[in-house]
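> Residue strings, one per chain:
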Amino acid sequence: MPEAKFCVGCGHPIALMALNKVLDEMGLTKKAVLGLDIGCSLLAWNYLPVNTFQTHHGRVTPTMLAFKRARPGSICLAYAGDGGSYAIGWQSLFHAARRDEPITVIVINNTIYAMTGGQTAPTTMHGEKTPTSPNGYPDEPFHGPEILKDIVKPGAYIARTAVNDMAQMRMFIKKAIETQQAGHFSLVEFLSLCPVNWHTNGPDTLKFLEENMKPVFKVGEIAG
Amino acid sequence: MKESKRDFITGAEVVIKACRDAGADIMYGYPITPTCEILSGWINEGYASLQTEDEIAAGFGVCGAVLAGQKAFTASSGPGHILLQDAFAMAEGMRLPFVMIVGQRGGPSSGTVIYSQQEVMLSCFGGNGEGMRFVYSPSSLNELYSLTRLAFNDAWKYRFPAVLLTDGYMLKTTGVIEWEKIKDVENSPTFTRLSDGANVHWPNIYTAEEELYEEVMVMNKDYKKAASKVAKAEEYLTKDAKILLVAHGIVAASAKEAIVELRKKGVKVGLFRPTTLRPFSKKQFDKAASNKSVKKILVAESSLGQLARIVHDEMDPEICKPFAYLQKPALGIEIEDIYNFVLKNNK
Ligand SMILES: Cc1ncc(C[n+]2csc(CCOP(=O)(O)OP(=O)(O)O)c2C)c(N)n1
Ligand code: SF4
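Just so you know, the protein sequences line up as chains C and V, in that order. Going by our numbering, the first residue of the first sequence is number 3, and it counts up by one from there. Going by our numbering, the first residue of the second sequence is number 6, and it counts up by one from there.
Some hints here could point you the wrong way.
Unchecked claim - Some residues of chain V that are not near chain C, with every Cβ distance over 10 Å (derived):
(1) Arg11
(2) Ile37
(3) Thr38
(4) Asp201
(5) Glu214
(6) Leu217
(7) Gly310
As the list claims (entries may be wrong) - Simulated restraints on C-beta separations:
(8) C:Trp47 x V:Asn345: 53 to 61 Å
(9) C:Asn137 x V:Lys230: 40 to 48 Å
(10) V:Gly69 x C:Asn137: 44 to 52 Å
(11) V:Ser114 x C:Val10: 25 to 33 Å
Treat the hints as calculated values from the structure; they're not laboratory data. Please read these numbers as outputs of a predicted model, since none were measured by experiment. In this text, a Cβ means the ideal position worked out from N, Cα and C, and glycines have one as well.
Same shape as in the complex, but just chain V:
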């Protein structure tokens, strides 16, 4: 943590500091906008690193380091994130605490290079498995720091891979971080099954279908147990809300500011903001959504419904409330956009 009370700092610098404070020993990476500054910044600090020949090698580099008991991470975006899902799937299968910082950019394909919320599905379900990973979505620089720390801690504590899901606006722009508002936490210790002479024989491929089934069911049990601790969300003015807004990341930051203005006009609107997209805070959401005062649920996101899909998938089917969507794939969502959208739906 920092001695100064606040800093004027970029998101990339925040990530580097958080990874270091979380005890990260090494970064494996390949340059891609908007996460280049994490790689070059980490290297320029003199910390251990390897710029690999591509993201496939970076991802398996993280796996190898973690197998050996090191805290390792990578950072990428879009097309690079797709390639990293290969190694991330191995981490999921072998319960490796693989930490990946994702700065979402516009997609599909090379798309645009700074911003979107289109890597939600890839982060949550990008492997050939059941999506047993943790995905954190910060809304501010303070949270970028604390959720990065948490991603390392949860990954090592529960042995599931973790994604810190952010975007290029957050990483590239300079803002104020208020250190005094961040609670310091203890780091999870590292471990390795493969200590010298341990004589461990560790498969990730199975001949008997029942064997894999058993393995996945154990994993599922562990994941569910972890989920009850890991899943988190913030509620803002939801108690009396007639309109329940759902948003994550920097869209949720705009939503909060829109709500302040709307409340001044007497519009009863509140925000449900998942800080983990996976696991999703299902119970808390169901409670907020089933609140009698809630007449309509609005989901706002910079994608064509990736957050909405999660909400619908997780929500108790008994909750019958009308929905409306503000969806701008790979476009920023401004305070005014949300303000007008809520007003339109408040008739």
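So that you can see chain C by itself, here it is in the shape it has in the complex:
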């Protein structure tokens, strides 16, 4: 299988590098298992020096919670896009959070379905144009972490960070993994970059993250 690559300027590899650093620092590289959803997440299949496998679109959470139950000593990371997490995979994610399954879910929020060409996702923002919302998305975007906050058990950890803040990303990932080690559910959403489907150049890509996304999706710790 040829090596799959992220586009230049993509946010996925930045989030993955942060994850890798934390695993390395915590000495967990060998215990970590990275389950990938189908979306641009799938491109990470040979990216990190940890056991990695691809699953199906929307199905990484139920797969990883069962892996964790079968092998409690492992560090289970369910890595998915916003579509895989909050649309097709929402039912499974919601119930995993409610049951306090001890896994760490990583959600890459780029406000669209990147892999299939930038269609509307649950995180698409009001007025944002996509191939399936040509006149601008009429609804409000979905705030997964804020909804899950109300249903998780004490001890769970939920946070939102952004791929242009390395220190915060590493801090939140570390806390999420510690939460899993303590036997609780954790989720970190990353505000990411997709210059290809946003049709933005370098500076405009970061501007979109800072000026369009951050006011709508507040970064910080949400539960735990």
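We have chain C already, so just place chain V with the ligands on it with the hints.
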């Protein structure tokens, strides 16, 4: 239909036009390659639609719309097609004219994203029932249009769900459609059992086993009756054929071109091309296959025998002819592949 005589157009655009001309009111869908352009194209035309949270919701969206008397459809592929079979089974059980456009991609699992002929079994028998659905397999852009129209018409006429089975090569590439060669047809009218105040009570689950048995047998009778009208196939130069090729979809288009070349070399080869995979044109096939001139039957497909299984299942067991298979799961089959395969089997 179009005023211009011909258009340079993608398969996805052809499908959108055909669905609209067939009277489709709404599309429910979820993006997946290679059918994304049907969803975004339909929406960009300004037609009614809902992009749902997954294919399960898209499928039941189609069911709900059809129950209310609307012509509705969806389009998907591979893993999405699997999820749609849930709602499609309800449509089969409740006799709902559910129309689904399937752009086959490579499988199993996420596989590849553009091409295969591996969704034949799923289309024909993907439910927990007896496969009472219509499955159409076009070989050209013209046929993509006319069979999509037919899928809507047959589904609404006979009240069985229908699959228009194609692939990403057909949907994504641009080609010529010749409108003057397409006969315009009248659309089947819509209906609903659930008109206001009708006081209908409509189960799809039964307590008595005999009750379901009766229901399935009635359905079977209706399906068989419909099948005699719906099942269709094209024969190309089969009359004197020593070798009978069987292929469907775009593989059959390659087969036709290979046959032209082979005939020039004096090889007596003909093509049997089912345009409906389910129901299968059994009588017509048996007749073509039992023809005295036929010495060998070759089945060519981009899967490991999904078409061959149908052929063997349907063929009269009295017909004893040797078979050979060209099977390339999820790989395209070129004119040369078929040309060489026929030559090898013509010794
Ligand atoms: C059941 C199913 N439906 C649809 C698809 C097609 N598909 C692949 S990736 C994707 C969307 C990806 O978007 P997201 O999850 O937000 O991740 P991103 O690509 O943006 O990182 C879709 C719809 C699929 N693979 N399986
Ligand atoms: S399409 Fe967007 S999200 Fe996917 S790899 Fe390219 S930049 Fe990243």
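> All hints, please: hold or fail.
Results for each hint:
1. Chain C leaves V:Arg11 outside its interface by the beta-carbon criterion, the shortest separation being 27 Å against a cut-off of 10 Å.
2. Its beta-carbon lying about 7 Å from the closest one in chain C, V:Ile37 breaks the requirement of being farther than 10 Å from that chain.
3. With 10 Å as the threshold on Cβ separation, the claim that V:Thr38 sits away from chain C is violated: the shortest Cβ distance comes to roughly 6 Å.
4. No Cβ of chain C approaches the Cβ of V:Asp201 within 10 Å, the least distance being about 30 Å, so the stated non-interface status holds.
5. For V:Glu214, the non-interface assignment is confirmed: its Cβ lies about 32 Å from the closest Cβ of chain C, beyond the 10 Å cut-off.
6. Under the 10 Å C-beta cut-off, the non-interface status given to V:Leu217 relative to chain C holds; the minimum distance is some 29 Å.
7. The Cβ of V:Gly310 sits about 25 Å from the closest Cβ of chain C, beyond the 10 Å cut-off, so the non-interface label holds.
8. For the hinted restraint 53 to 61 Å between C:Trp47 and V:Asn345, the CB-CB distance of approximately 36 Å leaves it violated.
9. Restraint check, C:Asn137 to V:Lys230: a C-beta distance of roughly 46 Å satisfies the suggested window 40 to 48 Å.
10. In this structure, V:Gly69 and C:Asn137 break the distance hint of 44 to 52 Å, their C-beta atoms being roughly 25 Å apart.
11. Between V:Ser114 and C:Val10 the C-beta distance comes to about 29 Å, which sits within the given range of 25 to 33 Å.
In terms of the numbered hints stated before, the structure departs from hints 2, 3, 8 and 10, listed from lowest to highest.
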